[in-house]
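Model the full assembly from the supplied sequences, consistent with the hints where possible.
Now for the letters of each chain:
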Amino acid sequence: MRLTLKSFAENLLVAADVFIVFLLIAGSSVIVPMWLMPIGRMHPLLLHFPIVLLMLAMVLEYFRFKSIYTQEHLYQSFASGLLLTSVVFSAITVIMGLFLSKESAYGGSLLNWHKWTGVSVVFLGSLIYWCRNALWYKASAAKTGAVLLTLVLIITGHYGATLTHGDNFVLEPVSKPKAIPKVPIEQAMVFENVILPIFTQKCLSCHNLEKAKGGLVLTDAQSVIKGGKTGPLYVPGNAQMSLLLQRIHLPMDEKKHMPPKDEAQLTNDEMDILKFWVQQNAELKKKVLELADTDSLRILAATYLTPIEAIIEEEEDYDFSAANEEDVKKLNNNYRSVSPLAKNSPALSVTIFNKGSFKLSVLKELEPIRKQIISLNLSGMPVSDEYLKQISEFINLRKLNLNFTMVKGGGLKYLKKLASLRALSLSGTDVTFKFVNEYTANSTIKRLILWETKLNPAEIKQLQKQYIKILIVGGFDGIGQFSSKLNPPKLNVESSLFKQAFNLELKHVIKGVEIRYTLDGSDPDSLKAMLYKNPIPVSTNIVLKIRSYKKGWISSDMIEFPLYKSSYKPDSISNVLLPEENLNGGRAPALIDAQFGTVNIFQGRWAGYIKNNMETLMLFKQPVLVQSVGLNAIRHLENNALLPQVVEVWGGKDSRHLKLLGTNHPTAAKKGDQPLIVTMEIQFKPQLLSCIKLVAKTIKKLPQWHPGKGNPPVLFVDEILIN
Amino acid sequence: MEKNFLEHGLNFNRRRFLSKLSLGLGSVALGSLLIPDLFTSAMDEAGLPPGIPDFAPKAKRVIYLFQNGAPSQLESFDYKPKLREMMGQELPASVRAGQRLTGMTANQASFPLVGSFYDFKQYGQSRAWISDLFPHTAKVVDDICIIRSMHTEAINHDPALTFFQTGAQQGNRPSMGAWLSYGLGSENKNLPAFTVLLSRGKGNGQGVYSKLWTNGFLDSTHQGVQFSAGEDPVLYLKDPDGLNRFERRKMLDKLAEMNSISYKEFGDPEINAKVQQYEMAYRMQTAVPEITDVSKEPDDIIKMYGSDCLVPGTFSANCLLARKLSENGVRFVQLYHQGWDQHGNLPNEMAGQAKDVDQASAALITDLKQRGLLDETLVIWGGEFGRTNYSQGAMTKENYGRDHHPRCFSIWMAGGGIKPGVYGETDEFGYNVIKDPVHVHDFQATVLHQLGLNHEKLIFKHLGRRYRLTDVSGKVIKDIIA
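Which chain is which? The protein sequence lines are A and B, in order. In this text, residue positions in the first sequence follow the working numbering: the first is 1, and each later residue adds one. In this text, residue positions in the second sequence follow the working numbering: the first is 1, and each later residue adds one.
Any given hint could turn out to be false.
Unchecked claim - List time: in silico SDA-like cross-link candidates among lysine to any residue, alpha-carbon distance up to 20 Å:
#, chain 1, residue 1, chain 2, residue 2
1, B, Lys121, A, Asn238
2, B, Lys121, B, Gly88
3, A, Lys446, B, Lys419
Stated by the list, open to error - Examples of chain B residues lying across from chain A (beta carbon under 7 Å, computed):
#, residue
4, Trp129
5, Glu187
6, Asn272
7, Lys274
8, Val275
9, Gln276
10, Asp308
11, Gly372
12, Gly421
To be verified - DEER-style ranges, computed between Cβ atoms:
#, chain 1, residue 1, chain 2, residue 2, range
13, A, Glu365, B, Ile261, 53 to 59 Å
14, A, Leu250, B, Gln122, 31 to 37 Å
15, A, Ala501, B, Gln122, 56 to 62 Å
16, B, Gln122, A, Lys671, 34 to 40 Å
17, B, Asn172, A, Asp262, 36 to 42 Å
18, B, Leu237, A, Ala590, 42 to 48 Å
It should be emphasised that the hints constitute simulated quantities derived from the structure, not laboratory data. Backbone N, C-alpha and C fix where the C-beta goes; we use that ideal spot for every residue, glycine too.
Okay, here's the thing in structure tokens:
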């Protein structure tokens, strides 16, 4: 029984070997019938058996001629039987593998390697089996054969695994992801930097040079144009007819959906990018910025590209060791901050403050950590060109900030030593074109800040043209786009109320501004209106109109500032009728506090009346000579504020002996009236008064044209003026 | 008395020792099995500040232009033409989906949709829609990332502001600037790590209060220091008349000596914090005047920020000051611009507010960029919540108001490793987020991440539990990171 089985197996091995040779010779002319395909696909299922069996057989083979085993019958026959079994198994596995390789999904050099090493395993195994009883076959031959076969077996297995699981399957979780080089939008190409990265991330694990599933390789422009076995990848300008887009838009369950179900899928944006790219004739040599501003492809692509700032800040693994912690601690003081970039990072970032205490030694002391400093900020320090020599000792510097230092450029040549420097800021220094140009040529720099330097715009343009890979910032050239409107000048008084004549002073925060003003109510223009030079004497009620002008600036809004004389302040004041309590979220303010309200009525300076009329009684201990009484109120239609119907002034020696001294009827509001603050003044014959009563009668309903028609308006008053 | 103290100390130590020994060792062993990174935690038991980023940071500093009162997203960065089409029609209940209302509109009989009074246009690489109220911001659109899908939990100003700043609606937690100061330490030891600048627009405003820049339970050195607009930017910093710096020094030395005696006796860490604050104040006496002096700023800079930047206390002046502070190593500069609470009279008031902030915000970005500082400075612009798509109170095409709306609003971020573009989307009514929602905790986690801090590791133990800025949620928005 055992014999027959053995001879059957031997025959089978011969047949299999011959069949393998046939398959190899016939090559591509063999077509595997449909019903055999499942057998082919069982290749990955079966292959683990021959691997283990062969390995074991080779161990036995290796020690076969050892003296203690030569007489062991069981050992010898087991070794022989195991070898035969495993070689037959591997032959069958190879045949299955060859079937599988005929399916279109596989291709590329990786498959070839796997195929030929696999076949070698079978033939090497067969050879060992047929020769192992020959006379010349001795210990040395057995050992060589065993080692050789094991090696080939391992290599075969490795190629097979890579074919199935992709490159670096085992170490993937612990190895760093391969970074796609980041490209700023200014330099980005549509194909190279937008389309290709999508392929690289989502398609390349199968469609690479080695695997080339479906005959498709997506590593470079040439192979992308070529397409795969099914045909070209796309029809330029016609997304619908393009295989690429058909496949990625197939339903997930569809077998031909790409990327395959278990793989990372394309995002909607990525699919759109591919679509727009094909629609625009699948250009291979276009820059992203050459596309129109509104182009969908450009807009989408922009989100995939990295701003240059991010490239400068890019994290990296530093190849230097950490500094001594004690040194770092010691170097930190009130004016020098030395801090690690992050936990477990050897990199240090240094900032120096306080120009008063800055000298060369502040930098020299950094010697113990010179290798660890990657960022140095000396902004505003009195750093001169010679200091740059010291700075060039910090050989791992990535970022150097020399803004507003005393550098003139002569020392930039020292910085050439800094091979890792990425960003250099020279804003506000006196560097010149010559030095900057000299430095920039063959430097590693990625960003150069040159705002507020001696370089003129033309020179900066030239640099930008010359070094397209470097982001050169010459400052913001759109100042004109900002509205450079002046603000109004400042006055030396806050209150509009004054008791005695005084000098009004005007000031403007910006140097060299012309302040022009009028006192006659006309608009102050830039030519004829009075130019403010000396303080303006004020003794009566006036309305000051002011505007500021400066060359290169838009003139300010006009401010209107009324000044009221109020000679007397009553010794006591009481409201006969109370104002509304809650209009301003608190108590109504006093009417004789010299606090004037503004158009912004919610500042709490206005007292408001809705239900009640305003009725206020003022008493003087000593009679005063009065000839006019004024009341300040605001009309503000948006806030339902109207002036009163009528203002009445009553006067006498006490509250029981009052007579009407005069009235004032303000003009009624019209639709569209702008906010206005007015003094309703009532003049009468000068007389001695100890008691004055002021009454302002509110309008009961907002007029018909007002959005709040029917509701009661508010009367806002802020100050009473007695002269 | 002294004996009592000593005994108390020993007692404490003995108890602690025993509990550590019995339970401690066992639980540590078990803990390290269950939580592998137990020992790599950013902070040890004693709650010492980490002071070093967890990973290499993209941003070193933050300037937060907080628009206090909640600017309407529908008149700024979230373009909804549908609302104009449906002007005056009722907000569908299916869209509102039971959203609670504030007390101000809860009794309103109808919710008429109202479209933006202002037109929108598309700008830049990202083709972002920006309203005509923000023409300068539109010019720097390629430098900013507009997030249109912010949402929050609170519906009223105080809780919403507190939530944004401290991660909780009740105010007892440290604010974002304090957390950063705690997590990263100060860059420039002559200035506080966290400063606050206030300004006020003409629009209807809401108050700000020091609870928003509190250190909470953190050491008080992390508290925000307010710079005011007056002659003394930092109150009580100047020496009183008749006291010179030499005498001040002597006084501080003596004080520190006494404080250290007191610390030895009581061990209260606040004593040391106090000493540090005195010392910093002493150094600030020279550092602050130098920074607040804007007289050396070139004309172009003044033009860029607008001439108001020389008027202390304006938003524009605060932006310029923020740049100077940030340039000098202040980690977190917090601006508040008040006046964005447009319940009524929105078109008018919002125009004024936008005018206050638009130019200076854009100028700040441009200015940082031309100094090579934008990559390391994170600039944030936004309010505490959004505003409703329906009108509050009477509505005309030119005049309407909008109530508070927590479900969606827009903010923008720039620099500091944030990828410019537009992120997130709301429905066509501008009412609900439909794509890539960003919760306030997500926003906070992202800000911390940009500064190199893991928001789950930046913790402080207080009253027996560990606290985080992001409470128990928050995820970093990876999509907006360059």
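Do the hints match the structure? See the list:
no.	hint	in the structure
1	Lys121(B) x Asn238(A)	violated (31 Å)
2	Lys121(B) x Gly88(B)	violated (23 Å)
3	Lys446(A) x Lys419(B)	holds (19 Å)
4	Trp129	violated (13 Å)
5	Glu187	holds (5 Å)
6	Asn272	violated (17 Å)
7	Lys274	violated (18 Å)
8	Val275	violated (14 Å)
9	Gln276	violated (12 Å)
10	Asp308	holds (5 Å)
11	Gly372	holds (4 Å)
12	Gly421	holds (5 Å)
13	Glu365(A) x Ile261(B): 53 to 59 Å	violated (34 Å)
14	Leu250(A) x Gln122(B): 31 to 37 Å	holds (34 Å)
15	Ala501(A) x Gln122(B): 56 to 62 Å	holds (59 Å)
16	Gln122(B) x Lys671(A): 34 to 40 Å	holds (37 Å)
17	Asn172(B) x Asp262(A): 36 to 42 Å	violated (50 Å)
18	Leu237(B) x Ala590(A): 42 to 48 Å	violated (34 Å)
When held up to the earlier numbered hints, the structure conflicts with 1, 2, 4, 6, 7, 8, 9, 13, 17 and 18 and fits the remainder.
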